[in-house]
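Working from the sequences, and respecting the hints, build out all of it.
If you're matching them up, the sequences are chains C and R in order. Residues 1 to 119 in this note's numbering are what the first sequence spells out, letter by letter. Residues 1 to 145 in this note's numbering are what the second sequence spells out, letter by letter.
Calculated directly from the structure, the hints in this document are not laboratory data. Be a bit skeptical, because a hint or two may be false.
[As the list claims (entries may be wrong)] Derived DSS-like pairs: lysine-lysine, alpha-carbon spacing no greater than 25 Å straight-line:
| hint | chain 1 | residue 1 | chain 2 | residue 2 |
| --- | --- | --- | --- | --- |
| 1 | R | Lys122 | R | Lys111 |
| 2 | R | Lys122 | C | Lys60 |
| 3 | R | Lys137 | C | Lys52 |
[Claimed, not checked] A short list of chain R residues far from chain C (calculated; beta carbon distances all over 10 Å):
| hint | residue |
| --- | --- |
| 4 | Leu26 |
| 5 | Glu30 |
| 6 | Pro38 |
| 7 | His40 |
| 8 | Pro43 |
| 9 | Gln46 |
| 10 | Ala59 |
| 11 | Leu89 |
| 12 | Ala90 |
| 13 | Leu98 |
| 14 | Ser99 |
| 15 | Ser110 |
| 16 | Pro125 |
All C-beta atoms in this analysis are idealised placements derived from N, C-alpha and C, irrespective of residue type, glycine included.
The residues making up each chain are set out below.
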Amino acid sequence: MTIFDTDVFTLFTHGNDKISRRIQGLPDDEVLAVTLVTQMEVLRGRFASVEKASGEEELKSAVERFRLSEQALAQFQVIYPDDAAAQHFERLRTAQGRGGWAAPTCSSRASPSPTTRFS
Amino acid sequence: MKSEAQSGSDNPFDEVLTLEEAAAFLRVSEDALRKLLPEHFVPGQQIGGEWRFSKRGLAEWLRYGDLYFRVLKLFPEGWAFGRVPLDDLAALVEQRILSRSEPAEPTAGSKQAVLRAFGVFKGDPEAEIRDLSARRKEAAVEGKG
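Following this line, the structure appears as structure tokens:
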């Protein structure tokens, strides 16, 4: 499994050739994934742009970008936090205060362990 | 020796057969074949009171049943099926159906699916990455506060 972080996902959706070449070089049965964190970060940014749109054209463009991001994310397998990740998050949160979503999103039983991290 | 009734074509399946030859070809008695004629659309014609059969027609009837000939009779004589052997026709239909069928949707997470998202946005990604980084910092500050 190869996991894209949010920066790599952004570069990829903007047509970064280096990332495209790396994907092409992966085995055909490789599973490509993003975590819930990336899904949230990307959509949160798009949602903020929709909210901040100051005119008709800007709103249309923001909505279109939101739609394209949703569509692009849907092409990936999404890794959601499992029980172990939730427990780990809670430990970090307790130890470090409110840590936010920088906490790790572990692979669930349903998702095999990542073999590569695109970051 | 070649029968008088034969068409003279090089293709043995284009041969024209008499009732006796048709019965022999189908390995049934002449009487049995005669009984089949009115009800089973055996592909033959009476010419001057004598039955004549296309060997290819009989082979196709044997292979596909009389349904094909029932359908064929619904169309004007010499319609498109005329000279197209059934196997070729079946291959054409198959090709047509395959060309119209949609390829299966690639599974989310497969290379094929993911590559569809490549380059869906134009412009500089750096601005978005900077914006993302700023939002992360904001979230971190809020978290500490």
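Report holds if the minimum CB distance from Gln46 of chain R to chain C is greater than 10 Å, and violated otherwise. Consistent with the label, Gln46 of chain R stays out of reach of chain C, its closest Cβ about 63 Å off (over 10 Å).
Checking a non-interface call: every C-beta of chain C should be farther than 10 Å from the C-beta of Leu98 of chain R. Is that right? Label holds. Min Cβ-Cβ 23 Å, cutoff 10 Å.
Would you say Pro38 of chain R is clear of chain C, with no C-beta pair closer than or equal to 10 Å? Non-interface label on Pro38 of chain R holds, nearest chain C Cβ at 60 Å vs cutoff 10 Å.
Going by Cβ atoms, does Pro125 of chain R stay more than 10 Å from chain C at every point? violated (4 Å)
Verify this label for me: Ser99 of chain R is non-interface relative to chain C, using a Cβ-Cβ cutoff of 10 Å. holds (25 Å)
May I ask you to check that Ala90 of chain R keeps its beta-carbon over 10 Å from the closest beta-carbon of chain C? holds (33 Å)
When you check the alpha-carbon spacing of Lys122 of chain R and Lys60 of chain C, does it fall within 25 Å? Given that 25 Å is the threshold and the Cα spacing comes to 16 Å, the pair holds.
At 10 Å, judged by beta carbons, does Glu30 of chain R keep clear of chain C as stated? Glu30 of chain R is indeed farther than 10 Å from all Cβ atoms of chain C, at 63 Å.
Confirm or reject: Pro43 of chain R is not an interface residue toward chain C, with every Cβ-Cβ distance exceeding 10 Å. holds (51 Å)
Please verify that the nearest CB of chain C lies beyond 10 Å from Leu89 of chain R's CB. Holds: least Cβ distance 37 Å, greater than 10 Å.
Non-interface claim for Ser110 of chain R: all C-beta distances to chain C beyond 10 Å? violated (7 Å)
Checking one constraint from the list: CA of Lys122 of chain R to CA of Lys111 of chain R, max 25 Å. Satisfied? holds (21 Å)
This entry does not satisfy hints 15 and 16, going by the numbered hints stated previously.
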